[in-house]
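Keeping their order, the protein sequence lines are chains A and B.
Everything in the first sequence is counted per this note's numbering, starting at 1 for the first residue and increasing by one.
Everything in the second sequence is counted per this note's numbering, starting at 1001 for the first residue and increasing by one.
It should be emphasised that the hints constitute simulated quantities derived from the structure, not laboratory data.
Ideal Cβ placement from N, Cα and C applies to all residues, glycine included.
Be careful, since some hints might not be right.
[To be verified] To spell it out: a stretch of chain A is covered by chain B in this simulated footprint if at least three of its residues, at any positions, have a beta carbon under 8 Å from a beta carbon of chain B; those stretches are: (1) 22–34; (2) 143–152.
[What the hints assert, rightly or not] If you want a taste of the chain B side facing chain A, the calculated C-beta under 8 Å gives, among others: (3) Gly1002; (4) His1077; (5) Met1083; (6) Phe1116; (7) Gln1117; (8) Glu1121; (9) Leu1140; (10) Arg1160; (11) Asp1215; (12) Thr1241; (13) Ser1244.
2 protein chains.
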Amino acid sequence: MGSVQSRMEGVLARLLPPASVAPARLHEAMRYATLEGGKRVRPLLAFAAGELSGAATQRLEIAAAAVELIHAYSLVHDDLPCMDDDVLRRGKPTVHVEYDEATALLAGDALHSLAFQLLGEHRLADDPQAQLEMIRTMALAAGSRGMAGGQQMDLEATGRPLELPELELMHIHKTGALIRAAVRLGFSCGRISEPEQQKLDRYAKAIGLAFQVVDDVLDCDASTATLGKTAGKDSRQGKPTYVSAMGLARAREHAEALRAEAHAALQPLGARARRLGELADFIVLRKF
Amino acid sequence: MGSVQSRMEGVLARLLPPASVAPARLHEAMRYATLEGGKRVRPLLAFAAGELSGAATQRLEIAAAAVELIHAYSLVHDDLPCMDDDVLRRGKPTVHVEYDEATALLAGDALHSLAFQLLGEHRLADDPQAQLEMIRTMALAAGSRGMAGGQQMDLEATGRPLELPELELMHIHKTGALIRAAVRLGFSCGRISEPEQQKLDRYAKAIGLAFQVVDDVLDCDASTATLGKTAGKDSRQGKPTYVSAMGLARAREHAEALRAEAHAALQPLGARARRLGELADFIVLRKF
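Using the sequences provided together with the hints, build the complete structure.
Below, the structure is given as structure tokens:
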């Protein structure tokens, strides 16, 4: 896992525009938002799914970088004062605090474009038509019927209690869509049968939700220092969480059930899916 | 010209997610930001360039819509309080005034993703590899070395006088990149020789700059009612403009010179370039 993480640091550093190129402040902010931080869960998933489909490492690097850039852009925008208004991310001041709001807005926008630039300019699949399909997958996952839509649902949910199905729908969009895209982009860099794709998609759906359930549990449980971001903020902001919807103990059980579901989806794939199984464990058992 | 504009209204209305689909408020805001407004200069350019390369109308509709969505997203973000803080656009309240800042931010983000979704999911070129190249073109035009980069240069220029070359560099990024992409995406939907592509690119560069020079002249000259956006704002905000850099009379001459250059680039293409020539005239001679 550490090897993918350190590899991705180098890949992202190489693919992001250098801070020496104009407009320097924007490029600096893009690098600040992306480098030296994060668990790189989405790249890890893309690599593990790609290993299973026999994908070449150079392709996986690009696909994983594109997903991570979309994730990084979403965090920059999400932290802005008009959204979550957060000052701390990955143990550092958020981009608009370190730079300014306008630069943060544009850095997010430019990271968003850069992700699609990478997906357009590098060879990621034997068949270019399959690569166009990957671009569509990513755009759908990021857009109004994916991540951005989930953030809107989140906005609208603040201050009112959500029923569990509504909460689940929100997270399927907000976090789940990009996690599924990470797995799909990863295996699409190689070759894999349609039934196997469906199993991986079921796995990705389960861990996408598990990821959010665990986030909510940790937000309630852990300290700001451990998380590297402001702890306990969701409940103070009146945001519905799994913990507020079902209590801490049942939220923990729910995460466990989703972990079991993810493993069940992988089971027919045998030893080739070992790494994906380990990632399911990492996502649910992590302490930060 | 009117026929492309009304056709695009229908195309965009069909391609944008319906306001009845959840998250409804986000989809409403995306439609509000895009429909019933604007001169549709970029779609007009894409259609005119595509006519020259014998491109099919269905392809041009998608390419033109994608460029217009990128343009619309950039206006929504540009109007936000942390950027230009504008309350009026196309004669209507800006998106963050009509909705709220967070919804405007997300609507811009979702329009941005939707543009790439369209470019990935519809057939736009005979060769899918050429379509990947179109996606790269669009991403570069929108990103930190294109439009978003130009906006950053604009931010940093506010309140200090710019030399003409710096001003030009800013506008080549801020407005020019997307106008060039509109022309390139348009002709890429059909077939055209490499030397002809270069002529069209020279044309697009000239009108991209002319567009901005004329904008600056109009901002200084016209009334808010005619423009449908706040007039005289740039100079009040201390933004460098062609008028502040070279005076009104010389700015007008500069626009004329760029129009002549655009026509010169088209000249070898003969009658097939008639519409592009008309658009150069429209861009420079417009009163709004």
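How the hints compare with the structure:
no.	hint	in the structure
1	22–34	holds (count 6)
2	143–152	holds (count 8)
3	Gly1002	violated (30 Å)
4	His1077	holds (6 Å)
5	Met1083	holds (5 Å)
6	Phe1116	holds (4 Å)
7	Gln1117	holds (4 Å)
8	Glu1121	holds (4 Å)
9	Leu1140	holds (6 Å)
10	Arg1160	violated (14 Å)
11	Asp1215	violated (20 Å)
12	Thr1241	violated (19 Å)
13	Ser1244	violated (21 Å)
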